[in-house]
Amino acid sequence: MTIQKLAKKQKDDARRKAYLKHENRKTNQLKKEAFEKKAKDKAQQKKEKNIQNRKATASIIKDEKNIAEKSLNHLLSLSKMYSEINTDLSQFYLWQYNKLAKNNMIDIGASKSDFCSHCYSPSVPGKTSTVTNIQASTLSKDHSKQNYLVDASKLDNVNVYECNVCNYQTIFKGINNKKRVAQKTKKHKVVHNHVHTQNNNHSHVKAPNNDGGIIDAKKNKKAKANQKNAPKKEDTSVMAFLNMLDI
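Throughout the sequence shown, residue numbering follows full-length UniProt numbering, covering 1 to 247 in sequence.
Please note: incorrect hints may appear among the correct ones.
Derived lysine-lysine pairs resembling DSSO-like cross-links, with alpha carbons at most 30 angstroms apart [to be verified]: (1) K62 to K99; (2) K47 to K21; (3) K46 to K32; (4) K8 to K26; (5) K8 to K31; (6) K37 to K26; (7) K31 to K21; (8) K55 to K65; (9) K40 to K55; (10) K11 to K26; (11) K70 to K55; (12) K80 to K55; (13) K38 to K49; (14) K62 to K47; (15) K21 to K37; (16) K8 to K32.
Derived by calculation from the structure, the hints in this document are not laboratory data.
Just need the whole structure built from these sequences, with the hints factored in.
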């Protein structure tokens with residue numbers, strides 16, 4: 001084999017290797033793109049499926065809630081209708097109403113305002129019940145769990161309505177326990193600071209100044225003490241000069 005043929009063969013081998021390397025790189029790139037596309041499509045399908053499932057679940061929950069609300073309205077209407085005809089039947093429908101509302105996590109505040117929570121008799125403020133504001137300490141032990149409903153403007157009082165049928169007192173307006181504790185703590189701090197200031201050497205006493213304003217007596221006392229202890233200014237008058245010469 002001549003030198004020219006050997007050189008040509010080496011050149012052809014180098015070209016073939018470069019071509020194969022290029023083809024392998026291209027094939028790997030296509031495989032990578034295909035894998036990424038497949039993963040992306042799979043994620044998109046999963047996302048769409050989750051959206052459909054959520055919509056279906058929301059639709060079912062909405063339908064169940066609508067059915068529950070219709071049932072609640074029906075039971076409440078029956079309870080009100082039988083309140084003057086058959087008290088026992090009215091209480092039964094109201095009990096069913098409260099039970100259904102509790103199971104479906106629906107607010108039953110309407111029933112508490114329309115009926116006594118103890119005897120389930122119709123509660124009409126001013127007619128069948130009396131609205132009052134009483135001391136929180138006068139509540140019975142049965143209301144110990146309801147004492148968090150304290151009126152925001154009167155920390156020691158609570159608003160209740162008293163049923164004229166069974167004389168049961170129900171708290172119906174107030175604030176939550178966390179806010180009540182914060183307000184009581186703030187009130188205690190204000191009172192404590194005021195008493196501490198009053199007892200701190202009567203420093204809370206005020207005295208009028210020459211301008212007719214008010215100054216703190218403690219600051220005034222301190223200013224006088226500083227003035228008394230301050231070094232005396234040198235007297236430069238004629239009499240002081242003569243006294244110095246003993247004339």
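Structure-based check of each hint:
1. K62 to K99: holds (19 angstroms)
2. K47 to K21: Violated. K47 to K21 sits at ~39 angstroms, over the 30 angstroms cutoff.
3. K46 to K32: holds (21 angstroms)
4. K8 to K26: With a Cα-Cα distance of about 27 angstroms, the restraint between K8 and K26 holds, given a limit of 30 angstroms.
5. K8 to K31: Given that 30 angstroms is the threshold and the Cα spacing comes to 34 angstroms, the pair is violated.
6. K37 to K26: holds (16 angstroms)
7. K31 to K21: Given that 30 angstroms is the threshold and the Cα spacing comes to 15 angstroms, the pair holds.
8. K55 to K65: holds (15 angstroms)
9. K40 to K55: Answer holds: K40 to K55 is near 22 angstroms, not above 30 angstroms.
10. K11 to K26: holds (23 angstroms)
11. K70 to K55: holds (22 angstroms)
12. K80 to K55: violated (37 angstroms)
13. K38 to K49: holds (16 angstroms)
14. K62 to K47: With a Cα-Cα distance of about 22 angstroms, the restraint between K62 and K47 holds, given a limit of 30 angstroms.
15. K21 to K37: holds (24 angstroms)
16. K8 to K32: Roughly 36 angstroms separates the two Cα atoms, so the pair is violated.
The structure does not agree with the numbered hints 2, 5, 12, 16 stated previously, though it agrees with the rest.
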